[in-house]
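Here the protein sequences line up with chains V and U, keeping their order. With the working numbering applied, the first sequence covers 1 to 236. With the working numbering applied, the second sequence covers 237 to 700.
You may find that some hints are simply not true.
Heads up, simulated DSS-like pairs for lysine-lysine below, C-alpha to C-alpha not over 25 Å straight-line [unchecked claim]: (1) 134/V to 387/U; (2) 108/V to 134/V; (3) 387/U to 52/V.
Examples of chain V residues toward chain U, derived with CB under 8 Å [said to hold, decoys possible]: (4) 48; (5) 86; (6) 97.
Chain V residues, not near chain U, derived (Cβ > 10 Å throughout) [claimed, not checked]: (7) 19; (8) 64; (9) 78; (10) 122; (11) 160; (12) 175; (13) 214.
No lab work stands behind these hints: they were computed from the structure. Remember, it's a predicted structure, so these values are computed and weren't measured experimentally. We put the beta carbon where it would ideally sit given N, CA and C, even for glycine.
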Amino acid sequence: MLAIRGATKRFGDRPALDGLDLSLRRGEVFALLGPNGAGKTTTVNLILGFLKADAGSVRVCGIDAGTDPIGARRHVAYIPEQVALYPGLSGVENLRYFATLAGLDLAKETAVALLAEAGLGREAHRRPAGSYSKGMRQKVGIAVALARQARLLLLDEPTSGLDPSAAADFSVTVRAAADRGTAILMATHDLYRVREMADRVGVLSRGRIVEEIAPRTLDHVGLERLYMERLAGGAA
Amino acid sequence: MRRIAAELALTARDARLRWIGSVLVLLLLVTGLGAWRDAARYAGEVGQVTAAERARWLGQDAKNPHSADHFGLWVFRASAPLAVLDPGTEPYTGRMVRVEAHVFNEAVYRAVQDAGPLARSGLGSVAEIVQLVVPLAAILLGFSAFAADRKRGTLRLALGNGVPPGRLFASRFTALFIALLAVVGAPLLGIGGLAVVSQEGAGWQAVPRLFAWVAAQLAYATAFLLLAMLVSLVARTARGALAAALAAWVVLCVAAPRLASAGVDAFAPALAYRDVRARIDAGFRAHRTAEANDVRAREVLARYGVSDADELPVDLRGLMMSENESHNFAVYDRELGAFFDSLAAQERAFAWAGLLSPRVALQSLSQTLAGTDFAQHAHFVWAVESYRRGISERMNAEIRDHPQRGGAVLVAGPDLWREIPPFVLQPLPFARALADARVPALVLALWLGLLAALCIPGIRRLRP
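Start from the sequences and build out the full structure, keeping to the hints where you can.
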């Protein structure tokens, strides 16, 4: 589903990614863990074709995201860290608008069901999105991504802004998507959710994966300790 | 279609569209209905005065035909039906001419003499509003097409979820174009339709003219919509996109037309009208001397093989007047023709100057399609002159064919006056307007093509 080979990206003199290798199979959840500036968002932007790698390749379902970003994005669904919506449209309208532009014919009932699955209360479906909290917007973003039934789901700090209950619901939703065969790449700081959701964790430091961990072999404390050690090692 | 409907629904929720649309429609309606009222009043006045002049001509006393030729009458130019939308050159050219023997009178009474403060501010006509305000409206609708989405973050969500940039651009452009159709095309068709049905306009082919004219205005508005969307594609912020688009508006709608006028004046100068009149008068004078008259009289007698005018089978005075008129006609046609040719050359140069700005191209195209360009005025001048010559020829023929002996004077009456038909101006056909519109239409199409082509790399490189 996703194959990144030796991806390098620099912004001026500053390296953002330094020979990143990463691959992701069908139905697998991979978490990219790393501090701010480690290269998580750059990786996501390379996969989406918003940035082009200086060296190496990024392939989504066999399509080079550098040379054919639109083709690559056809197979991707994406939830950004800050989900932005049209404030004058309701949640249902926003969801149907994005789905329509992406070429989907989403019935109103289906949109309502997807929003419910994403955890947005029914009373909010018809309210203008301008009145939504960050968490509510995030849930609409989740519904937008779910509606696409894409082969690769990219999540950039997906639980940021969600209350604990919603974050737990989100974990269930993501696991269900993975069980349906969707490959999921999650860039996050949230160790707790990582352990809950991810099959594999890559610790990203200075643009490289310095450690790959199977999170379920560790408890939360162990995962956090290992993460801090690897970061310290990567920074050394 | 679903995508366009979705974009339309989003656009309709935008309060900007309602405000811009309301102001624009109000401005167009106030100006257009005011022009329609003025045009209806002028058409009524033309009808009344023309009827009165006809009655005065037919009711004149019995007199010598040459005196009747000097009696003269006023003829009027009816306004083009679409002058309500674009008066073009009509306000700056005379509307009435006194037709009389020997005298090549100028068209007098220009509408700008009655121009109000709105006209002097540069927004006196629907066409001026379209040329200046509609681009602003298109910019205000289009500048945020992508820049605002980029700033808000919705562009990231859309592109990241498989929305192809080309499809996004096409559906957004179509929705905004439909909005322009509603706030620009519909009022223009409404005002134009009112003008067409309420004004007699035989020969104008006003309906196809109206549709072609509105299509040209929409093409112009579309060019600015594309410009605004192009800026929006590449600008980092909505504010930056708006500033850049407004700067482009100042250059294209204000500065470039001035530059085009000055450039055309410098590189294709028209003849000065006072010099043309001086040459016409000099040409007449050279033929009017007593010596020249004697020479021509002797030539006539020799041609008929007689030595005295009383022996001629025709009236010498009538014959001499006919020959004199023929000479003057030739001088007038040559000099005024050269003057009109120089103005036509300027108009052609101005149409090509549309490469500097779509507004220049539209100015040229709009007047031509509306039937208010200089070609129509020149056609009126020639038609009046032809009518004047027809009257003189008929009166001179009456004198020539009825020679009077021993100092008797020929007297004619109403039967002869009725032989002179009322003046009816058949406008230049629409096919001629389409032929004249080729260059400005091509230039406007080039602008559309250029702006659309410039959007393509912007669409391909569209990033959140």
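message: Could you work out which of the previously given hints the structure breaks and list their numbers from low to high?
response: The structure conflicts with hint 9 only, although it agrees with all the remaining ones.
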